[in-house]
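Protein chains in written order, with full-length UniProt numbering: chain H, 1 to 260; chain D, 1 to 618; chain Z, 1 to 233.
None of these hints come from the bench; they were simulated from the model. Yeah, the Cβ is synthetic: ideal placement off N, Cα and C, and Gly gets one too. Any given hint could turn out to be false.
Distance windows between CB atoms, simulated [to be verified]:
# : chain 1 : residue 1 : chain 2 : residue 2 : range
1 : Z       : E84       : D       : M84       : 54 to 60 Å
2 : H       : P73       : Z       : R102      : 40 to 46 Å
3 : Z       : Y11       : D       : L57       : 27 to 33 Å
4 : D       : M312      : H       : P73       : 43 to 49 Å
5 : Z       : E94       : D       : A154      : 23 to 29 Å
6 : Z       : N129      : H       : I88       : 58 to 64 Å
When the alpha-carbon atoms are kept at most 30 Å apart in a straight line, the in silico DSBU-like pairs for lysine-lysine are as follows [to be verified]:
#  : chain 1 : residue 1 : chain 2 : residue 2
7  : D       : K165      : D       : K288
8  : H       : K67       : H       : K18
9  : H       : K67       : H       : K29
10 : D       : K288      : H       : K18
11 : D       : K165      : Z       : K104
12 : H       : K55       : H       : K18
13 : Z       : K128      : D       : K288
14 : Z       : K68       : Z       : K104
15 : D       : K165      : Z       : K208
16 : H       : K18       : Z       : K132
17 : H       : K76       : H       : K18
18 : D       : K503      : D       : K304
19 : Z       : K54       : Z       : K229
20 : D       : K165      : Z       : K128
21 : D       : K503      : H       : K55
22 : D       : K503      : D       : K456
23 : Z       : K54       : Z       : K208
24 : H       : K67       : D       : K503
25 : Z       : K229      : Z       : K208
26 : D       : K288      : D       : K503
27 : H       : K55       : Z       : K180
28 : Z       : K104      : Z       : K128
29 : Z       : K104      : Z       : K132
30 : H       : K67       : H       : K55
31 : D       : K528      : D       : K379
32 : H       : K76       : D       : K165
33 : D       : K288      : H       : K55
34 : Z       : K68       : Z       : K229
35 : Z       : K104      : Z       : K180
36 : D       : K288      : Z       : K132
Just a few of them, taken from the derived set where beta-carbon distance is under 8 Å, the chain D residues facing chain Z [unchecked claim]:
#  : residue
37 : T166
38 : R167
39 : L171
40 : G186
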Amino acid sequence: MSPVLSVRNLSKNFGGIKAVQDVNFDVAKGEFLALIGPNGAGKTTCFNMLNGYLKPNSGGSVQLNGKELLGTPPRKIWRMGVGRTFQITETFLSMTVLENIQMALISHHRRVFDMFSRATRLYVDEAMALLDLVSMSEHAERACSELAYGDLKRLELAIALAHEPALLLMDEPTAGMAPSERIALMALTADIVQREGVSVVFTEHDMDVVFAHSHRILVLNRGELIAEGTGDEIRANPTVQEVYLGGGTLFEDKKEAANA
Amino acid sequence: MGFYFAQLLTGLANASSLFLIASGLSIIFGVTRIVNFAHGSFYMVGAYLAYTIVTALNGGIFGFWFSIIAAAAIVGVIGLLIEMTILRRIYRAPELFQLVATFGVVLIFQDATLAIWGAEDLLGPRAPGLDRAVRIMGEPIPEYDLALIAIGPAVLAGIWLLFHKTRWGVLVRAATEDREMVGALGVNQAWLFSAAFVLGAFLAGLGGALQIPREAVSLQMDLSIIGEAFVVVVIGGMGSVSGAFVAAVLISVLNAFAILIFPQISIVLPFIVMAVVLILRPYGLFGKPGSEHVGTEEPEQPLKLMSQKSTMVLLAAVMVLAFSPAVTADFTSILLVDVMVATLFAVSLHFMMGIGGMVSFGHAAYFGVGAYAAAMMVKFLGFGMLPAMLLAPFFAAAAALFFGWFCVRLSGVYLAMLTMAAAQILWGVTFQWQAFTGGDDGILGVWPAEWASSDKVYFYIAFVLCLGGIWFLRRVAHSPFGYTLRGIRDSQTRAEAIGVDTKFHQWMGFVVAGSLAGLAGVVFAFSKGSVFPDTLGIAQSIDGLIMVLLGGIHALAGPIFGAVAFVMIEDWVTRLDYWRFIFGGIILVVVLLAPDGIAGGVNRLIRAILPNQKGGAA
Amino acid sequence: MLEVANLNARYGRAQILNGVSLSLGQNEVVAVLGRNGAGKSTTMKSIMGMVRQKTGQITYEGQSILGKPSHAICRAGVGYVPEERRIFGELTVEENLEVGRRDKRDDAPEWTLEHLFELFPNLSERRKNLGKQLSGGEQQMLTIARTLMGNPKMVLLDEPSEGIAPVIVEQMANVIAELKREGLSVLISEQNLHFARLVSDRAYIIEKGSVCYDGTFGHLDQNPEISNKYLAV
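Make the full structure from the sequences, and use the hints.
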């Protein structure tokens, strides 16, 4: 089966610094792929090139179901079937939870220039169904600004799924959440992904989350892909241990910063 | 060759005063983040004071320069009083409030100056010892110009030393970056702000005082300089003093040469330069995107459709309005037309600011273009009233399409400044292009068609057009288009990530708001029978801002309340002597006492008077 | 030294703190632990007078400082080191320190430029550089040095180990030890349990705007379920 996403020779220089060098990988349909590595390893740069916020060096290629993504602005990449969530949630705070989803649907159905319909009456059922998917339907009428952080994360997930994407890009989906919440959110994501047949690429610092949910892991260091494999393979990989996972010493969390 | 060099020197001499006022404005903005409209008033008062002191002292070289400094120092003290009584209370308010409050100060100053010095222009004496001209390369150059050319860089050097070699200066620069942090390090911000404000006012006063040997002191000095001073600050980068210097020189020298080729250009040139600079460098030549550490603003609540009760109240009000010509006198109908025009104008401005998140300091541009387009179609093309009414808003739309394209590339206070620049360019063209627009004399005789000439019939035309426009904008606010605009305002990142072309959408929002402002202008033109450049002026734009602010920016119905209140107050006040003074006072009272608009203010008043009401009712 | 009782704080409609109570004794180093968004920084900012909407009691040396402006709180001897460092990028290192300088107080140790440059040798080399030219670690040192220039009696350190390399984190631990040696009281907010354990005497854990643990690190170590539940380890 041909991959959903195929990344070839992706590189990015900032000034003279090679932030990302010649990265290649594929994502299969329904695959849950984690991108890990120390701070400054190029995860975010990679991500921003996939979603169109950064322009890579010439020569590379990123194809979604055979269509080239590079050089396309973020909004068009979204239209081609890539949903995304942000490290720090981005939602429309002056709207209700339901309206946030409706906005995504309105855009998906290309009705943002409609000046006469009542926005709140459009796609209510579809929006409720999406909220159901993330178990948020009882919050539908609440103002988005009143939500707890964990709920905002779930809302973002529902927004990202509104246009039935083929691929979901999640940047540090569990940042700022308690461990119990993290597992719950990722379990929910994994469940939805499996049912809907979406592929996911996510970056993550919490190794529990990574090992529990990813099908495959890519490890970046200094802009290069240094390892690739299942959780067990990555855990056993001596290079990865050295640059990233560490041996559980005192400043375990900070090891990653050393290489930044 | 000598002629061009002389032209260059004239440009540099002009740059000095412009730099003085602009540097003061920039320092005040840098530290307090206030866009101080009253800065032109400081400049004007500086000139008047210098005139009075110089003529009273009549004391030769020493007396002259002492008077200049004394005038500037008095302006500094006036600045201190204003800062302590007014601005200190609104540092945390949105920029719109601050702008409107300082405009209230402008009005008060205008009438105070009129009361003290009278309406006549005053001609000051020449500077003793510098009252001749020297020949440079065969051209006569006034000695005083040479002195001014030296004063500009000298003041710049003085400010530089002050900012880099004194503890106070270091604190000011630190506060420009992050004033909250400066407070947490033990510096009393209140006094730092006051001191910066005094310095800024002193510099403006100095700029004005230095002008007395060169130009007559007049009541128009304030608003004629302020637009240019804003432009200089924005081009230089807000908060940057050296940027203000470079920009002042750039504008003045360009101007000195440009008028040789195209004499009419001087009014619009600064604004054109500013538009070009902002497109190339969105934060000005030396500016940086400010690291704002301001407390999180309270998120707006979701829009709700009106409850049945308020729909009934609104319908009743519209019905009363519809039947009012039957029972009231003609002048009431005329006043009600003014109210409806103002309301549509305010609603269109609110659509842009409240819904679209794009603060405009120059919304009058589209109002004026609508009015002028209609007037010119009637006068020059022989159009009838109805075709002119239908077509003119498209011209406003075209203007909004053109200027909006530039404006939506920026955000925040820079966007606001660019909208003002756009309005000033249009105003300048209208003012200068005598043959086409009638210039200062305006276009007269723009009357409605025969059948619509009675005040009552015209009332119904205005009723249909204005209420139709308001209804349309409300409808759009609740539509996917309006929701998308609000979404972009809330989070551009999220909007982009759900496939919205944010810049394009804002651009279209700008055009919608501009077109409806144009429609208001059209109705206005036929109701007055004439149009003047004022319809595109700063004052008209500010009126719109005051209406939106009076009503409260967070409510959809806010601008309606605001416009009605504004026209009523204006109609009453303008019959009085010194109405600007009173009106300025009213503005200040509203801004200081009811920062959440009329609706919010009334609410709080009720709670204050009847503290137990809420509990008692339960 | 510092007593916070039943502190509530909000930004707009969002209630961030829900009855936080904690205390800091003379010459004590206490850690406030919790994950992102739990309310650690808001607690710090509330003590420093940088949050406007708040209720409860904040007593410093027996005097209420609730509602006082932050410059007055600073002048009373409270130093604040913000989470995002917030150094002045357009000012030189020396000018940054100048902004923080306050007169010597009798009841607190005096920090001179020389002493601070001894403690932070990197800064000494870069004293003429602009703040924005410094690396993240150097900025972190500058922000602490800047606060110490105010000769405080008590220091609020908001996430000192956030986003800096381990070498610098170790240096940071030394600095905190030095502060304690000099007789200062220090309140640290941290996400990194290891670092907090290394430098502080006891700990609070904040979750959803309330204190949910108050005790020693020893007790915390014996009951790993607490840290598992509330902390990001």
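Hint check:
1. Z:E84 x D:M84: 54 to 60 Å: 32 Å, violated
2. H:P73 x Z:R102: 40 to 46 Å: Since H:P73 and Z:R102 have Cβ atoms about 51 Å apart, the given range 40 to 46 Å is violated.
3. Z:Y11 x D:L57: 27 to 33 Å: 56 Å, violated
4. D:M312 x H:P73: 43 to 49 Å: At roughly 47 Å between Cβ atoms, H:P73 and D:M312 fall inside 43 to 49 Å, so the hint holds.
5. Z:E94 x D:A154: 23 to 29 Å: 27 Å, holds
6. Z:N129 x H:I88: 58 to 64 Å: For Z:N129 and H:I88 the Cβ distance comes to about 31 Å; the hint is violated.
7. D:K165 x D:K288: Between D:K165 and D:K288 the Cα gap is close to 23 Å, so the pair holds against 30 Å.
8. H:K67 x H:K18: 26 Å, holds
9. H:K67 x H:K29: 15 Å, holds
10. D:K288 x H:K18: 27 Å, holds
11. D:K165 x Z:K104: Answer holds: D:K165 to Z:K104 is near 22 Å, not above 30 Å.
12. H:K55 x H:K18: Holds - the C-alpha atoms of H:K18 and H:K55 are around 14 Å apart, at most 30 Å.
13. Z:K128 x D:K288: Holds: Z:K128 and D:K288 sit about 21 Å apart, inside 30 Å.
14. Z:K68 x Z:K104: 22 Å, holds
15. D:K165 x Z:K208: With Cα atoms ~47 Å apart, D:K165 and Z:K208 exceed 30 Å; violated.
16. H:K18 x Z:K132: 22 Å, holds
17. H:K76 x H:K18: Holds, because 27 Å separates the two Cα atoms, which is no more than 30 Å.
18. D:K503 x D:K304: Between D:K503 and D:K304 the Cα gap is close to 26 Å, so the pair holds against 30 Å.
19. Z:K54 x Z:K229: Within the cut-off at roughly 28 Å; holds.
20. D:K165 x Z:K128: 14 Å, holds
21. D:K503 x H:K55: Holds, because 19 Å separates the two Cα atoms, which is no more than 30 Å.
22. D:K503 x D:K456: 43 Å, violated
23. Z:K54 x Z:K208: 16 Å, holds
24. H:K67 x D:K503: With a Cα-Cα distance of about 26 Å, the restraint between H:K67 and D:K503 holds, given a limit of 30 Å.
25. Z:K229 x Z:K208: Measuring from Cα to Cα gives roughly 12 Å; hence the hint holds.
26. D:K288 x D:K503: 22 Å, holds
27. H:K55 x Z:K180: Cα-Cα ~49 Å, so violated.
28. Z:K104 x Z:K128: Holds, at roughly 24 Å.
29. Z:K104 x Z:K132: 29 Å, holds
30. H:K67 x H:K55: 17 Å, holds
31. D:K528 x D:K379: Answer holds: D:K528 to D:K379 is near 15 Å, not above 30 Å.
32. H:K76 x D:K165: Since the Cα atoms of H:K76 and D:K165 sit roughly 53 Å apart, the hinted pair is violated (cutoff 30 Å).
33. D:K288 x H:K55: Given pair D:K288, H:K55 holds - Cα atoms ~24 Å apart, limit 30 Å.
34. Z:K68 x Z:K229: Between Z:K68 and Z:K229 the Cα gap is close to 36 Å, so the pair fails against 30 Å, i.e. violated.
35. Z:K104 x Z:K180: OK: Z:K104 and Z:K180 at ~18 Å, within 30 Å.
36. D:K288 x Z:K132: 13 Å, holds
37. T166: Because about 10 Å separates D:T166 from the closest Cβ in chain Z, which is outside the 8 Å limit, the hint is violated.
38. R167: 6 Å, holds
39. L171: Holds, because the Cβ-Cβ distance from D:L171 to chain Z comes to roughly 6 Å (cut-off 8 Å).
40. G186: 4 Å, holds
When each numbered hint is compared with the structure, violations occur for hints 1, 2, 3, 6, 15, 22, 27, 32, 34, 37.
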